[in-house]
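Please put together the full structure from these sequences, using the hints given.
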Amino acid sequence: MTATLLPAAADPVGTSSPSSRPRRGSGRDISLLVMVVVVALLLSVIVGLPLVRILTVAFSAEGWSIVSSMLSNPVNRGILWNTVQLGVIVSLLGTAVGFVMAYAQVRLKFRGKRILHLISLMPIVSPPFAVATAAITLFGRNGMISNGVFGQQIDIYGLKGLTFVLTLSFFPVAYMNLKGMLESLDPSLDEAAANLGANKLKIFTSVTLPMLIPGIAGSVLLLFVESIADLANPLVLGGDYTVLASRAYLAVVGEYNVAGGAAYSLVLLLPALSVFLIQRYWVSRKNVVSVTGKPAGSPELITAPALRIPMLVMAVAVASLVILMYATVVFGGFVKIFGVNNDFTLDHYRFVLAGIGSDAMFTTTLLALIATPIAGLLGMLIAWLVVRKLKRTSGLMDFVGMLGLAVPGTVIGIGYAIAFNTPTVFAGRQWFPAVAGGSAILGGAMAIVMVFVARSLPTGQRAGISALQQINPAIDEAATSLGASSLTTFRTVTLPLIRPALLAGLTYAFARSMTTLSPIVFITTPQTKIMTSQILAEVDSGRFGNAFAYCAILIVIVLSFIGLLNLAMLHPSIRGIQRR
Amino acid sequence: MPRTRTSALLLTLPLGVTALLAGCAVEETPTTTSSSSSSAGGSIKGTGEVVVACTPQEEQCQAMAAAFTKASGIKTSFVRMSSGEGVARLDAAKSKPEFDVLYGGPSDGHVAAFNSGLIEPYVSANAAAIPDKYKDKDGKWTGTYVGVLGFCSNKDQLTKAGVSAAPSSWAELLDPKLKKQVAIAHPSTSGTSYTAVWTQMVLNGMDEAKTFDYLGKLHQNVLQYSKSGSAPGQMAGRGEVAVGVIFSHDCVKYQKEGFDMLESTFPSEGSGYEIGAVSVVKGGPNAENAKKFIDWTLTPDHQDIGPTVGSFQIPTHPEAKITEDMVKLDEVKLVEYDSLAAGEKKKELTAKFDAEVAPAPKE
Amino acid sequence: MTATPESAMTTQPDARIESARDSLATATPGRVTLRDLRKIYGDDKTGTPAVKDIDLDIEPGEFITLLGPSGCGKTTTLRMIAGFETPTAGTIRLDDEVINKVAPNKRPMAMVFQSYALFPHMTVFDNVAYGLKLKKLPSARVTEEVETALTSMNLGPYRDRAPHQMSGGQQQRVALARALVMRPKVLLFDEPLSNLDAKLRVQMRGEIRRLQRRLGITTIFVTHDQDEAMTMSDRIVVMNVGVIEQVDTPQEIYRHPASVFVADFIGRANFLDVDVHEVRDDGAEVGVLGKRWSVGKHPAVAAGDVVTLMVRPESVRLSATDSREVGGSVGRVLSSMFYGEAIEYDIETEAGNLVVSVADPHAHETFTQGDFLDVGFEEGRAWLMPVAADTP
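Residue numbers (full-length UniProt numbering), protein chains in the order written: chain A, 1 to 580; chain B, 1 to 363; chain C, 1 to 392.
In short, the hints are calculated from the structure, not lab data.
A hint or two may mislead.
Stated by the list, open to error - From the derived model, a few chain B residues whose C-beta atoms are all more than 10 Å from chain A:
| # | residue |
| --- | --- |
| 1 | G117 |
| 2 | S168 |
| 3 | T299 |
As the list claims (entries may be wrong) - Taking lysine to aspartate or glutamate pairs in the EDC-like style, the calculated list, with each CA pair at most 16 Å apart, reads:
| # | chain 1 | residue 1 | chain 2 | residue 2 |
| --- | --- | --- | --- | --- |
| 4 | B | K362 | B | D213 |
| 5 | B | K217 | A | D240 |
| 6 | A | K336 | B | D260 |
| 7 | C | K52 | C | D36 |
| 8 | B | K256 | A | D347 |
| 9 | B | K179 | A | D155 |
| 10 | B | K75 | A | D347 |
| 11 | B | K256 | A | D343 |
These numbers come from a predicted model, not from an experiment.
For every residue, glycine included, the Cβ atom is placed at its ideal position computed from N, Cα and C.
Now the structure itself:
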């Protein structure tokens, strides 16, 4: 019967010939081994090596003297204290703001949710200076609002200004976290509480809030890491409020004291890493909110004025501030000196688009475009290996992949400068030439792409992991059982299924690459100019108009990319069949 | 497993593209240039490229690079950074320099760089035309412009702070009314700021303790130490502070850009000045072109560019044009500025400033 | 969703479907042999063994079911055969060749998953074509093969549907078609029917069994549902805590269980404490319920062993009595439940409480709670077996 349908010579499955045997693979799946080795190698080069090198330098005699003086030397103690203080304040405030925005978004009834959502995400797609420069223009000594409207001379330089700007810049992280968590809260819990006689406020305090505590704790810790790692804002409006990141920067850039830079980096690395670890492995385990499966129904939106009005007022206030900031960025680019001389001019845009800025714009976009697919795919690949394929080593690979996010950018940047400015020699052999610095191959562009990848892959990885955890592993096994190797399974089954996570990963990778500054300032080169570091130069020299123009163009580039990516993903050939 | 192989290729594709694209973006650096021992006095025409660490303001760097590219045919690229930062970058890449020329910034920075073994002495034939006081006889550095340190004050902001007239002495800068109303750059990163520190050394008879006593008092009035030397002028212009301590030519530039409330004054005790210098980076990738570039900067062709882009430093070449907006050197009291001594003490003094002055608390 | 009833494939199949099925037949069904197969999760020394040194021979073309409660090792065994788990020790042979080291995607086996594991981003057609495309068949051949497979499962009209647009039963058939189109030497099922509703489950049982007979394909089926095992299998492997309790035909397992566990797990059983009067090679004389009975016995039972007598509920015989006291052969009805096709009683006796099932009783033959009855059983269906902790 078989023969009538399948001529023996072309028998695809090999069942009609008695000599056919299961093909003896050389042991287990080779493509899996290859993937693991390639990923592990990539990670150790883009994250591992710089970290190891910076630790080596920090523990050298010169570096160690600074590290050990961290608590004894009053100046260093002050810097350390400033850093911690800033981190604590911003993480609490940012989480609070993020919570208000998320709660309003998920639970309150009002019009314009979509707009509020977009506004809440705006700071993620913009370069770090946009808010800081706008804040100085609006709320500085001679600020258009602080002085112009209220006649006040506010001292925005220092802790106050940093708190304001960092909170506004980082609350979206908390917003995203808490929004997801609020959405996955099973509304039947609310219904149960209501059924037992609790009113809305009581439900909020006795059910909603306790369920969210792990999420809130997680956001606080994440924001702490982000805010102590921030370099751009302390440089622009730190005043005499020095933090570890800006101190490390000054040591390396101003004094060429690499050992000092490494030492401050180490001190910065310790709290960042430990807080990150706590967030990752402790808080996430305490998470009581079930993230698998859809909630049973949609929660009843809150209309009770006692909760709704104060929450909405706060949300609208925050949203207005964000809008104000970005309006300033946009308008500021078109006037001579915003607030001083408000004559219309195109000079700033001409400077960016036709002058030296166009070079930086092109290079940055190109490098980000190269880094984005690598980071996106690598993130998904790591997620897949971690969730599906690796057993004992999965925790390690997950951790190393996340390091790009956990390690402050300043530390990565200094690590790159130390590790890659010279050819990498190991065991008496040169493994690859210098990849960072102006004299490196490709004008240092490769190191920048590597930094972009290292910095932006963790988000894709996280998204990929949570997406994969919701997909039945039997689907992978089904592909295997039908003859697919690990790589084929990943390509034909896994990747299409976690497409939304990949999309998120790509989007974030591009945005992050375009807007990252702290590691980049240490490795830009004459041949490879990066927009953020150009903006830093403009801001530092006080040419805010140029900075505004840069920021606006950068935001436009990022938004266009996101738009195009979403359009492309909608295309049927890519989309495949939509899942439920 | 042919399918596996294609997939593996697919995954490595982005990496390949990286290499390809980046390869296109950067032009091949010629490893050897013309073997002529010196191009001094000869034609500045050449091929290939030259990479400049450029410390004046961005516009000036751009105009300068464009003019040299046009005049010589040598592709000129630059990175704008403050002079301290520039020296740090040279130090960082000492084993394989990425720059050919250190352009601008006070000569003491060049001296410090030379002492760190980062500078190759070069006596340009064109240096003959430059007055002796504006050049090092061994060619460690050669001056191409002169700038005088001054106070750049915002008249409106002064009024608000209750100060009637722009400060005209170092002592007046300590006026308690000016608390957090003064901006100056950090001497680690900025040559401008180090010039101010050294000026205090000179005024205090090289007494470090007295100097730091003054700087400590000034610290109480300083809002923020910026990275780049000219930034305080902008801060004053926007009214963030009342007074910025900067080179007066930068203040003039800001006035021209629209900050008409700015006023430039000079300290009566005596002001420091910079001799904006150029020097050849030791072991730079394009040594011959670096020399051609230096030759060119010592000509009026180059020195006349400044005023066209709003940079009003005084040119060092006697035949270069002097404009109305430039400081009249004979009208300002200048201190005796020994850039050799200043350069030698630079590392020590900035480290001390960084440890003792900058982090001190303010009442 | 169009109104094709779930039962479409169980109604009289048309000739087209039958011929499509014939063309899917496997020429050489595989023989699977397990020897000393062991799986320990975690550390080899300290970990908990999930499968303990099992031996099993699966004949070509046989339908064999691994049956047992959850945690008994049946799924682990299946996954080791499929290659998704690596055995800690022992060998797996396919047609005399050890395949322990053969990657799962290289084994000529196909699996049908509990969740069906259809690729949600592909159409029905693409799902079924997936494995064939990996074989690099020309696309015309792929189309032809897939069409045949879809026809055989009566899925022709659904070829361009997405999996989530189909009912559970239809998805099940797609999963089956996807496995069969590979013409595997061995077909593996991992509790494939547990997600279906009761009625459909019964239909699919018969369907799968008929299909398997027709194709003659070696089939290993994992389930915890004894009805599935009984109705479908040529032989059943009863597993418990990682060991095989018994391998036999459904009838043998039901009638002559090897252990109390098997007797209890397969169907329902009453276990009576009896006095053993005599043990012969082919049976035994026992005393219980006030009488002496001649019953069958497990070969391992020897004189002096601790034993128990298994009596299935349907083998118990009840009749009215005038006695008003529990004792000897007299028992009393504690409760009764009416199932339609049978009535079930809970009877108190001196040998313990008995569950009794009386098939299709007439109305006048039913008893009510409190009635006293004379209790006996069919001697030939009672089974004397050892109680030892680890029966063979």
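Quick rundown of the hints versus the structure:
1. G117: Nearest chain A Cβ is 13 Å from G117 of chain B, so the label holds.
2. S168: holds, 23 Å
3. T299: Non-interface label on T299 of chain B holds, nearest chain A Cβ at 24 Å vs cutoff 10 Å.
4. B:K362 with B:D213: holds, 14 Å
5. B:K217 with A:D240: Since the Cα atoms of K217 of chain B and D240 of chain A sit roughly 14 Å apart, the hinted pair holds (cutoff 16 Å).
6. A:K336 with B:D260: holds, 12 Å
7. C:K52 with C:D36: holds, 8 Å
8. B:K256 with A:D347: holds, 14 Å
9. B:K179 with A:D155: The hint holds at about 11 Å.
10. B:K75 with A:D347: violated, 25 Å
11. B:K256 with A:D343: holds, 14 Å
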